[in-house]
Amino acid sequence: MATELLRVTQLTKAYGGRRAVDGVSFTVNRGQTVGLLGPNGAGKSTTVGMICGLIAADSGSVSLEGQAVTTGACGAKRRIGFVPQDLALYEDLSALENLKLFAALYGLKGAHCRRRADEVLALVNLSERAHDKPATYSGGMKRRLNIAAALMHDPELLILDEPTVGVDPQSRNAIFDTLDRLKAEGCALIYTSHYMEEVERLADRIVIVDHGKVLVDDTPEGLFRKLPAHAALRVDFDSPVGDALLDGVRGCAGVTGVAREGDGIEIKLAAAADALPVMTWLSAQGARPTYFATARASLEDIFLNLTGRTLRD
Amino acid sequence: MNAISALVRKDILLYLQDRRALLLNLVMPIMLAAFFGYLFGGSGDAKTSRIDVALVLQDASPTAQKIAAGLKADPNLRVTDMTAAQAEEEVRKGKQKAAVTIPAGFGDAAGQALFGAGEKPSIKVQYDPSQQAVLAMVRGLLTQQVMQNVSAEMFGGEGGRKLADQSLADLEKNASAENAELRSFLGNLKTFMAAEEKRTASQPQATKAGLTMPFTTSEQAVASKEIAAGYNGYAHSFAGMGVQFILFMGIDMGIGILLARRSGIWNRLLAAPIGARSVLLARALSGALIAFTLLCVIFAVAVVVFKISIVNPLGFLGVGLSFALLTSSFGLLIAAFGKTPEAARGMAVFATLIMVMLGGAWVPAFLFPEWVQTLTLAVPTRWAVDGFDAMTWRGLGMDAALQAIGAQLAFTVLFAGLAAWRFGREAR
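Protein sequence lines correspond, in order, to chains A and B. Under our numbering, the first residue of the first sequence is numbered 1, with each subsequent residue one higher. Under our numbering, the first residue of the second sequence is numbered 1001, with each subsequent residue one higher.
Among the hints, a few may not be true.
[Unchecked claim] Sample of chain B residues lacking proximity to chain A, with all beta carbon distances greater than 10 Å (derived):
1) Lys1010
2) Pro1075
3) Gln1126
4) Tyr1127
5) Leu1141
6) Phe1185
7) Lys1198
8) Leu1270
9) Ala1272
10) Leu1285
11) Gly1395
[To be verified] To give a feel for the contact side, a few chain B residues facing chain A, derived at Cβ under 7 Å:
12) Ala1003
13) Leu1014
14) Leu1016
15) Arg1019
16) Gln1058
17) Thr1101
18) Pro1103
19) Ala1104
20) Asn1267
21) Ala1271
22) Ile1274
23) Gly1275
24) Gln1403
25) Gly1406
The hints are simulated quantities; they were obtained by calculation from the structure and are not laboratory data. Even glycine gets a Cβ: it sits at the ideal position worked out from N, Cα and C.
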């Protein structure tokens, strides 16, 4: 039985006359990872700011198991860890000093604080560089320390705002491993990112916001089900295909759309399994493909399908 | 409390690791204060520098020679003989502060003019226009020498005797009852001159009678009663430069907050269960602690190396602490109203330079025109500099300290209040 940890209810926030967040509601269960997605200016950062108690909401509420999160020195903040998008570290203090400082803000001190720092440094694979200054770290190491600083007080909910910006694949995988371990230990995560594959890999649920409103809140599987096409089939020929062939493909079972692409065709399918009957039909027609490939619909397809392709500033 | 002390400790650690800041806030004020202090009189025991004066002596009379000798013997002047052209060129180049030209016939003409009988001769004084004060000083010393030597010559010298003989001869030609009194005076003068000549002949060392300054001055520097050595120019310069560079530290503190707000650090701090007030309070406390420590180190150097005296240590600590709080609240004000670190730094440095200039940090406020002195009472740095002056070379008591402390604390409350209002408004 999933236990609800965070409840966000009808949050609104306006700047001037513009509503940055307009009635956002969702929940996060213990041990669950929620991907919070949205185009630039959709209201993600403001929503995260209100959940962390950085920004006062105009209306609505944020609570952890009934304990309200507000700006100021509220107790609920002790249960939340926040990893800002920017590197929030003092470059001229050692990694250990950084961790001890941020731990002190949550009341940790003495031997307990030191022990926890050792644990967290081990978790992010920085134990051997504990006494070095972040100024001497690589980008990936800084990102890992940035996460470590939010873990010192052992939060029940960790909010990560684009935590992998500018890191190499190795560091990104190391960060994912860390998050997997936290999740396994029961820590709930809210993860915002523009890298859809990251969210797809990590999230149990995805909340997509745009224009300050929640567009969709579902599991990844649930989101894919909402798409008219789950898979695509690309077939190339050595000469352009005729309209008769296109119409024929359109009539195959599971095909939801067909488009001519150069000397080939792009076929949208309800499911990946629908590719085989289409290929069989093409073969029966005497068509000789020079190349073919199948692709599953991505989270990016879902995202663009929901938020549109118009540029956001 | 644990959180606030951790934040304060962090700020101090970061400050101590910043060598540029230490150089700017500690070494620079000491170096500049030493330089300005030396210019403004040093520690009071240095000899006053002499004024360079060119002398163009075109008169060979004994009177003119004695005037020249008197000027050369004056300890306040360094007199060099030159031609008129040389002298003018040297003054123009700034190598001589003034040039004095004693024209031909000056000795005789001055003697006659002393009794109102002839036209007054003119001594030309050319001077460097950037040295107005020198003109008054040279004119005064010249007057003293001329009066002394011309009157001595007239009452006991060859020139005086000739003038008396000539005048008596003229009177004999135009004998009248109206001239009887003048004839009698000149006769008595000749008798006095003869007696004087006999006295100086028997006593070669004796000086001839003449007009002398009818007074002497007894000069006493009125400063701190406790400071035996008197005024120490370093005391004011250390106060001024200390105030200026510690305010620069306050600017850095404010800019540091703006940079933290631009980066994720500010949000990370505010995400902790301590609130923005605690974060700001911690920054204000660390800023005040750093400012006070800097001030103590700067004045410690001033005391040990430059021999300034802190006459009222308790008052000094009070003025120093209130200035440290003022600096800290100034930093908060910059952080609250600055839009970007770059723009805020430029504006804050400009405002600080204006404040320290009007506060008398560069030159003492008493040199300002009266209306500026009144106006600058509204400038917080004026109270800081005056407070430190009062506790050092002026040697004033706690009442003066309390005035400076009160004024600085009032500005502290004003700055901190404005900053708190602005931060609160932004949080909403």
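Inset, instruction - Give me the numbers of the hints this structure contradicts, sorted from smallest to largest. - result: Hints 1, 8, 9, 14, 15, 16, 17, 18, 19, 24, 25 are the ones this structure does not satisfy, whereas the remaining hints hold.
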